[in-house]
Every structure is written in structure tokens, then in C-alpha cells.
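Visitor: Chain residues, written in single-letter form:
2 protein chains.
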Amino acid sequence: MQYPNNIKKEFTKLSVSHSNRGMNLESALNSSNEYYLRKDIALIYKKPTPIGIVDVSYKNHKKTIEKAYFKEQSTLDYNGLYNGKYIEFDAKETLNKTSFPLSNVHEHQTIQIRNVIKHGGIVFLIIRMNNINYLLTGEDYIHYIDTEKRKSISYDYIKEKAYIIKEAYQPQLDYLKIVDKIYFKGE
Amino acid sequence: MQYPNNIKKEFTKLSVSHSNRGMNLESALNSSNEYYLRKDIALIYKKPTPIGIVDVSYKNHKKTIEKAYFKEQSTLDYNGLYNGKYIEFDAKETLNKTSFPLSNVHEHQTIQIRNVIKHGGIVFLIIRMNNINYLLTGEDYIHYIDTEKRKSISYDYIKEKAYIIKEAYQPQLDYLKIVDKIYFKGE
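Chains as they are written, first to last, in our numbering: chain A, 1 to 187; chain B, 188 to 374.
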């Protein structure tokens with residue numbers, strides 16, 4: 001099949017632009033976590049999405065789910081162990097260019113962030129915004145929502161407080177480098 | 188409907204014996220974890236069982252799973268944060284009275300136990316056997332499988348090394364009391 005020249009170009013452009021943007025945030029984090037595991041750096045996993053099972057069937061001793069629905073996670077999506085410390089975080093993407101809408105963070109997730117801080121764990125959000133990946137600490141997140149009482153976090157606050165996680169080949173998002181910088185400074 | 192006397196008695200006996208045995212281990216642990224959360228003692232959750240989705244449908248903007256199957260967890264089932272420390276464990280029940288069959292612990296779970304120890308976390312198994320709940324540390328578990336090379340852990344080893352978690356009203360299984368004793372002795 002032959003395409004007119006202008007369509008061919010469009011295809012090429014799209015494909016290049018897509019590869020520049022890289023995978024979506026979740027895939028990038030999953031592949032980074034697999035890298036950390038393989039290299040014996042950290043044990044960090046994405047929790048499976050909880051489901052409510054409506055109906056199951058049994059066939060040849062195998063249980064199959066015939067109907068179910070997605071439920072909300074009570075915690076953040078990722079947690080694990082790094083350098084003897086408990087780590088928990090969530091990944092959020094927004095197409096909004098000027099502010100991060102707080103509707104992206106559910107109320108129980110904000111409670112969980114407060115709880116992890118209180119119990120001595122490391123907790124943060126990884127926010128992809130304007131094609132940049134930011135790590136915003138739980139402490140800076142809580143400080144903002146407690147003092148600003150707004151429905152979104154301004155991009156200025158994110159640029160001021162959050163740390164940029166640069167994309168690379170392996171691991172694709174080396175967020176533990178930022179964790180080292182923030183939480184293990186003296187070590 | 189009237190039952191002959193002997194059947195009635197049998198029913199009563201069964202029902203009493205069931206209530207004495209208490210809930211199954213998973214329910215007891217979930218209710219204990221809810222207690223720890225409510226009382227602000229620890230943040231420990233059972234991970235959702237991972238599933239492989241085969242088919243979904245959309246109706247009124249709601250996504251429903253139409254077919255899926257259960258997958259194996261890569262980690263132990265429970266993890267969280269207690270007293271600034273990472274905790275991970277799994278719950279195992281056996282009806283075997285003289286030994287704990289190692290087929291209850293999947294190979295990737297044993298790898299995970301080794302990994303958590305290596306990265307400085309707290310890891311253990313809670314084993315219900317002969318109606319008693321035992322906490323066996325990851326270290327004692329690994330020591331046994333590395334030195335004994337057997338297909339089960341003898342009940343004698345469990346009685347010697349593991350700690351008994353007594354059942355109570357609230358929390359039903361206060362396993363963190365044992366964790367305090369083992370891992371926070373000096374504090």
C-alpha cells in the first residue's frame with residue numbers, strides 16, 4: 001500500500017514525538033522498579049488494583065472470575081523497602097500546564113500520606129506535568145494543602161519545591177537518586 | 188422440623204468448637220491490622236490478590252471486569268510500616284500436626300524473604316498449626332531451609348524457635364507485641 005508523501009511524514013513525526021515522550025509514567029516506574037530489584041538496589045512493587053468479585057466459576061479445579069469491578073486502593077500504589085527504610089509513593093499525571101488539580105489525590109491517600117510521615121516512613125508523589133517528572137515530598141505536599149486550602153497546587157510551587165527526575169535509559173526514572181539526596185544526605 | 192436428640196447435640200458441639208477456634212487466620216489478621224490502624228499503632232495492609240484481566244466491558248462510564256483469573260503475588264501478602272521500620276509477612280495455615288510442609292511457601296516468597304532480610308526490613312511467617320499461632324522469623328525460616336534441606340519444617344523446630352501469638356479480643360492477634368520483643372528489645 002502506498003501513502004501520499006504528506007501522510008508518511010505525519011506518521012514519522014508522530015512516532016518520533018511518541019518515543020521522545022517515552023512510556024507512560026506507570027510503565028516507566030514499573031520498569032525502574034524491576035531494574036532496582038534485578039540490581040539488588042531496592043524492593044519496590046506496585047500494589048495490584050483491588051477488585052470486588054461478583055461471580056466466579058470453577059472448571060477443571062481452576063477458579064475463574066466471571067464478574068468483578070475495580071475498587072479504590074486504601075494506600076498509595078507503590079511501596080517497599082530501600083536501604084532499611086519504608087518507602088511509599090504514588091504516580092500522578094496531569095495534562096494541566098499551570099496547576100496540579102488536587103482531585104488527582106483521593107482523600108484517603110492524603111490521610112495515608114500523613115500517616116506514613118507520622119510513623120517514620122518515606123512518602124512522596126511523583127507528578128508528571130509539562131512532560132517533566134517531579135518528586136514532591138509528602139511533607140511539602142501536606143504543607144501546601146494545609147496552608148493554601150486550594151483545589152490545586154500551582155505549578156510555581158511544584159517548580160520551587162519538587163525535584164526533577166531525569167529520564168534515562170536504565171533505570172528509566174531513577175527516583176531513588178532523588179530519595180538519596182533528600183532522605184539519606186548524611187550517609 | 189424435629190431432630191433426634193443425638194443430632195441436635197452434634198450440632199451444638201460443632202458450633203461451640205467452631206467459635207472456640209475463632210475466625211480463620213486471614214480474618215483475624217485483617218481485623219488486627221484494622222485495630223492497629225484505628226489506634227494509630229501501625230500501617231499494615233494485606234495486598235490485593237493480583238489478577239490477569241481477560242475481558243472488560245464499559246457501561247455508563249463504568250468499567251466492569253467480565254473475565255479474569257488469579258495470579259500469584261510476587262511478594263508476601265502483608266506489608267507496611269511500624270515504628271519507623273518496614274515489615275513484611277505472610278500467613279500460613281496447615282492441618283498437618285507434626286510438620287509444616289514447605290510447599291506452603293512458594294519459591295518466589297522464599298526469595299522475597301531473603302531479600303527483605305538483606306535490605307534491612309523485618310520479615311516473618313505467621314503459621315497456624317495445631318490451633319496455635321506461631322511467629323517464625325524470616326531468619327529462622329531461612330536458617331532451617333538452608334541447613335535441613337527437607338520438604339517440611341518439623342513441629343519441634345517451630346515449637347523451639349517460633350513465638351506464640353496468643354488470641355485475644357482486640358486485637359485478635361497481637362503479633363506486634365512479639366515483633367517488639369524480637370526486633371525492638373533495646374528500645
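No wet-lab data here; the hints were simulated from the structure. Do not rely on the hints blindly, as some may be mistaken.
Said to hold, decoys possible - The calculated SDA-like cross-link candidates involving lysine to any residue, where the alpha carbons are at most 20 Å apart (straight line), are: (1) A:71 x B:217; (2) B:305 x A:38; (3) B:250 x A:41; (4) A:63 x B:239; (5) A:71 x B:235; (6) A:181 x A:120; (7) A:181 x A:58; (8) B:258 x A:57; (9) A:63 x B:242; (10) A:177 x A:36; (11) A:159 x A:169; (12) B:254 x A:60; (13) A:181 x A:145; (14) A:46 x B:264; (15) A:63 x B:221; (16) A:92 x A:120; (17) B:246 x A:55; (18) A:71 x B:257; (19) B:305 x A:42; (20) A:39 x B:264; (21) A:118 x B:221; (22) B:234 x A:159; (23) A:71 x B:238; (24) A:46 x A:71; (25) B:346 x B:327; (26) B:233 x A:77; (27) B:258 x A:92; (28) B:250 x A:120; (29) B:372 x A:119; (30) B:254 x A:74.
Visitor: It remains to establish, for every hint, whether it holds in the given structure.
Guide: Here is how each hint holds up against the structure:
Using a Cα cut-off of 20 Å, the hinted pair residue 71 of chain A and residue 217 of chain B holds, with the two alpha carbons roughly 17 Å apart. The suggested pairing of residue 305 of chain B with residue 38 of chain A holds, with an alpha-carbon distance near 14 Å, which does not exceed 20 Å. Only pairs whose Cα atoms come within 20 Å are accepted, and residue 250 of chain B paired with residue 41 of chain A is rejected, the gap being roughly 36 Å. With a C-alpha separation of about 12 Å, the suggested pairing of residue 63 of chain A with residue 239 of chain B holds against the 20 Å cut-off.
The hinted pair formed by residue 71 of chain A and residue 235 of chain B meets the criterion: a straight-line CA distance of about 10 Å does not exceed 20 Å. With a C-alpha separation of about 17 Å, the suggested pair residue 181 of chain A and residue 120 of chain A falls inside the 20 Å cut-off, and the hint holds. Of the pairs offered as hints, the one joining residue 181 of chain A and residue 58 of chain A is violated, with about 51 Å between alpha carbons and a cut-off of 20 Å exceeded. Taking the CA atoms of residue 258 of chain B and residue 57 of chain A, the gap is about 16 Å. The hint holds against a cut of 20 Å.
A threshold of 20 Å between alpha carbons decides the hint, and for residue 63 of chain A with residue 242 of chain B the separation of about 16 Å falls inside it, so the pair holds. Distance check on the hinted pair: residue 177 of chain A and residue 36 of chain A sit about 11 Å apart at the alpha-carbon level, within 20 Å; holds. Taking the CA atoms of residue 159 of chain A and residue 169 of chain A, the gap is about 24 Å. The hint is violated against a cut of 20 Å. Between residue 254 of chain B and residue 60 of chain A, the direct Cα distance comes to roughly 16 Å. Compliance with the 20 Å bound is thereby established for this hinted pair.
With a CA separation close to 24 Å, the supplied pair residue 181 of chain A and residue 145 of chain A exceeds the 20 Å bound. Between residue 46 of chain A and residue 264 of chain B the alpha-carbon distance is near 13 Å, which keeps this suggested pair within the 20 Å criterion. Restraint check for residue 63 of chain A and residue 221 of chain B: the C-alpha separation of about 28 Å exceeds 20 Å, so the hint is violated. Pair hint residue 92 of chain A plus residue 120 of chain A does not hold up; C-alpha atoms about 23 Å apart against a cutoff of 20 Å.
Restraint check for residue 246 of chain B and residue 55 of chain A: satisfied, since their Cα atoms lie roughly 18 Å apart, inside the 20 Å limit. For the given pair, residue 71 of chain A sits about 16 Å from residue 257 of chain B by alpha-carbon distance, which is consistent with the 20 Å threshold. Taking the CA atoms of residue 305 of chain B and residue 42 of chain A, the gap is about 10 Å. The hint holds against a cut of 20 Å. With a C-alpha separation of about 23 Å, the suggested pairing of residue 39 of chain A with residue 264 of chain B is violated against the 20 Å cut-off.
With a CA separation close to 17 Å, the supplied pair residue 118 of chain A and residue 221 of chain B stays within the 20 Å bound. For the hint pairing residue 234 of chain B with residue 159 of chain A, the CA-to-CA distance comes to about 34 Å; that exceeds 20 Å, so the pair is violated. Taking the CA atoms of residue 71 of chain A and residue 238 of chain B, the gap is near 13 Å; set against the 20 Å cutoff, the hint holds. For the hint linking residue 46 of chain A to residue 71 of chain A, the alpha-carbon distance of about 15 Å falls within 20 Å, and the restraint holds.
Distance hint between residue 346 of chain B and residue 327 of chain B is fulfilled; the C-alpha atoms sit about 12 Å from each other, no more than 20 Å. Between residue 233 of chain B and residue 77 of chain A the alpha-carbon distance is near 13 Å, which keeps this suggested pair within the 20 Å criterion. The hinted pair formed by residue 258 of chain B and residue 92 of chain A fails the criterion: a straight-line CA distance of about 26 Å is larger than 20 Å. As the CA atoms of residue 250 of chain B and residue 120 of chain A are separated by approximately 37 Å, the hinted pair breaks the 20 Å bound.
Restraint check for residue 372 of chain B and residue 119 of chain A: the C-alpha separation of about 19 Å stays at or below 20 Å, so the hint holds. Proximity of residue 254 of chain B to residue 74 of chain A is assessed by CA-CA distance (about 24 Å); at most 20 Å being required, the pair is judged violated.
Hint compliance for this structure: hints 3, 7, 11, 13, 15, 16, 20, 22, 27, 28, 30 are not met, and every other hint is.
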